[in-house]
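Undergrad: In case you want the letters, here they are:
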Amino acid sequence: MTTTFHNNPGKRKSLPDGGVKPIGRPFWLLSPGVIWLLLFGLAPLAFMLMMSFWTSTIFGTKPDFSFDNYARVIVTDLYRDQLFKTLRIAFMTTVLTVFISYPVAYLLSRLKGMQKALFVLMVFLPFWTSYVIRAFVWLPILGRNGAINNMLQALGVIDTPIDWLLYNEGAVFLGLVYVYTLFMTLPIYLSLEKIDPALIEAATDLGAKPGSIFRRIVLPLSWPGVLSGCIMVFLLSISAFVTPQLLGGASGIMYGNVIASQFLANNNWAFGSALSITLIAIVLVLLLISSRWIGVQHVFTGGRNR
Amino acid sequence: MYLLGEGIVKNMAPKNVNHKKHLSRSSLKTKTQYRGYKTALWIYAGAFYTFLYGPLLMIVLLSFNDSEIVGFPFRGFTVRWYEVVFSSPELLDSLLNSLGVGFLSATIATILALCLAMGFRHDFRGKSIVLYLILVPIIIPGIIGGIVLLIFFGFSGVRSSLWTTVLVAHVNWVLPFAFLTLFPRLHGFDRALEEAAMDLGAKPFQIFFRVVFPIIRPGIIATALFSFSLSFDEFIRTIFVTGYDRTIPVQFWGLIVDELAPQLPAMAVLIIVISIFSSAVGFVFMHRASRSTKT
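Chains as they are written, first to last, in numbering that gives the first Met the number 0: chain U, 0 to 305; chain H, 0 to 294.
Honestly, the hints are just simulated from the structure, not real lab data. Incorrect hints may appear among the rest.
As the list claims (entries may be wrong) - Each computed BS3-like pair below joins lysine-lysine, with the alpha-carbon atoms no more than 30 Å apart:
{"#": "1", "chain 1": "H", "residue 1": "LYS126", "chain 2": "U", "residue 2": "LYS20"}
{"#": "2", "chain 1": "U", "residue 1": "LYS20", "chain 2": "H", "residue 2": "LYS202"}
{"#": "3", "chain 1": "H", "residue 1": "LYS37", "chain 2": "U", "residue 2": "LYS111"}
{"#": "4", "chain 1": "U", "residue 1": "LYS208", "chain 2": "U", "residue 2": "LYS115"}
{"#": "5", "chain 1": "U", "residue 1": "LYS193", "chain 2": "U", "residue 2": "LYS111"}
Unchecked claim - On the chain H side, residues computed to face chain U include the following (Cβ under 7 Å):
{"#": "6", "residue": "ARG120"}
{"#": "7", "residue": "LEU130"}
{"#": "8", "residue": "LEU134"}
{"#": "9", "residue": "ASN171"}
{"#": "10", "residue": "PHE234"}
Note that beta-carbon positions come from the ideal geometry of N, C-alpha and C, so glycine has one too.
I would like the entire structure built from these sequences, with the hints used as guidance.
TA: As structure tokens, then:
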């Protein structure tokens with residue numbers, strides 16, 4: 000329509016659909032960001048992949064090409080067990096957060112007006128607080144001088160503080176669920192929000208019971224949100240470092256802590272690189288499998304753009 | 000995750016006006032059934048929000064506890080831990096470092112993300128590859144995002160410090176979020192305005208600065224503020240490349256690991272207030288942005 004009014008077609012780049020081309024040249028617009036990401040995002044990763052085949056000695060890390068590091072990652076009981084334990088903890092955390100979050104997400108999707116705005120905002124606020132702090136808060140709750148011990152002593156249930164509340168796998172679960180549960184709540188909520196109320200109305204009019212409406216309409220339609228939440232929580236949990244370090248003690252350490260110690264304590268960069276590459280490989284395999292149902296770019300937008 | 004913020008802004012609009020009609024139409028029997036579920040849900044939600052906020056409120060309480068121990072019993076009200084926080088030069092240094100890096104990395108990431116988002120309005124070959132490249136920093140586990148820069152810069156001979164390695168780590172981390180927040184703003188933008196400007200003979204630069212930019216400005220400000228808050232709270236990548244400089248989460252971590260210092264709760268409250276404040280302001284701008292562009 001606008002084209003007919005245009006008296007200088009040569010100056011203007013028309014698109015087949017009648018619109019005009021967006022301003023700027025894609026090459027120049029993309030270059031700064033792409034160069035940054037290639038240089039500081041991809042190149043360091045490539046370097047790490049290369050270094051995972053090197054060998055570290057007490058004299059430093061020297062270029063080599065050996066599979067020794069990977070052999071050690073897989074063969075050594077310690078590292079293999081840590082990997083399986085971490086996968087198990089991440090899996091359990093994911094399952095727990097689904098069950099904890101779903102009812103809340105469902106309730107939020109049914110609220111209206113100011114009430115909804117308030118409660119949804121309250122789900123957001125903790126996102127805006129550092130996870131280091133959100134892991135730390137459990138120390139003065141579970142510790143020897145913590146809230147629970149103090150309360151139990153005041154009530155006369157126990158005489159001396161109990162120690163087993165902290166520094167074990169249970170504390171790690173609690174911490175991980177606390178820190179990551181909102182990464183589940185939000186995508187589920189967003190996918191429930193998108194369900195057209197007319198569908199539920201129609202089902203009700205046709206005589207469906209609330210239970211079967213939930214099972215056969217709501218649940219399947221919220222699947223993208225659940226999936227996106229699961230991927231995020233799982234990925235965050237398998238690479239956890241802060242929570243197990245603060246709350247896990249010796250028995251609660253996870254793969255992230257094993258990796259970190261190669262760089263912070265042992266100075267075995269080559270082996271640490273191999274451990275890191277292993278973790279990245281697991282992440283990529285998981286994303287590849289889940290890409291059957293949800294694209295990577297949708298995971299981080301809560302399945303919202305689907 | 001911050002980009003999800005947009006989701007709620009959108010959903011706050013009263014979109015289901017015919018909801019009441021729907022309720023009155025459903026039979027009385029289902030209504031009473033619903034009520035039972037609803038009560039149970041509300042009780043559950045109460046427990047959930049207590050779980051979410053209880054520990055945080057407890058930290059606020061403990062920040063005023065007149066005791067050398069981070070914990071209970073509560074020995075009386077004091078503000079001395081806040082005095083300790085504000086009179087400690089290391090803490091103030093790390094606070095300034097965090098504010099500085101947060102400001103700079105938010106600026107760089109927002110500019111890069113804006114250019115990328117402008118580029119993404121075009122069709123070009125390899126678009127999905129570029130998108131994956133943008134997503135790399137959030138796909139890679141956080142701990143590796145720091146380590147990978149440690150060895151890369153370690154071998155390139157770049158010394159770890161605030162304005163080199165930490166800045167790069169933060170821009171890497173923030174950039175994908177900035178892009179994912181900004182792109183929908185530029186995508187939902189009414190192209191007819193741009194077209195009109197073009198028809199009237201405006202040059203691309205003029206169109207950008209006088210038409211596009213003013214319209215998406217709230218979205219850009221929101222992106223920058225969310226980016227700032229992400230950078231301000233960043234810990235896991237920073238700890239590996241921080242060298243001798245400290246950001247506030249790194250300083251906080253040091254105080255936990257070394258001695259569980261008594262001023263930790265006060266410091267936690269300060270960190271929470273700053274990052275919530277910047278995100279909340281960002282949120283307000285995002286709300287405005289979603290009104291000015293129609294996504």
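Undergrad: Indicate, hint by hint, whether the structure satisfies it.
TA: Right, here's what the structure says about each hint:
no. : hint                : in the structure
1   : H:LYS126 - U:LYS20  : holds (16 Å)
2   : U:LYS20 - H:LYS202  : holds (13 Å)
3   : H:LYS37 - U:LYS111  : holds (14 Å)
4   : U:LYS208 - U:LYS115 : holds (25 Å)
5   : U:LYS193 - U:LYS111 : holds (14 Å)
6   : ARG120              : holds (4 Å)
7   : LEU130              : holds (6 Å)
8   : LEU134              : holds (6 Å)
9   : ASN171              : holds (6 Å)
10  : PHE234              : holds (5 Å)
Consistency note: the structure conflicts with none of the earlier hints.
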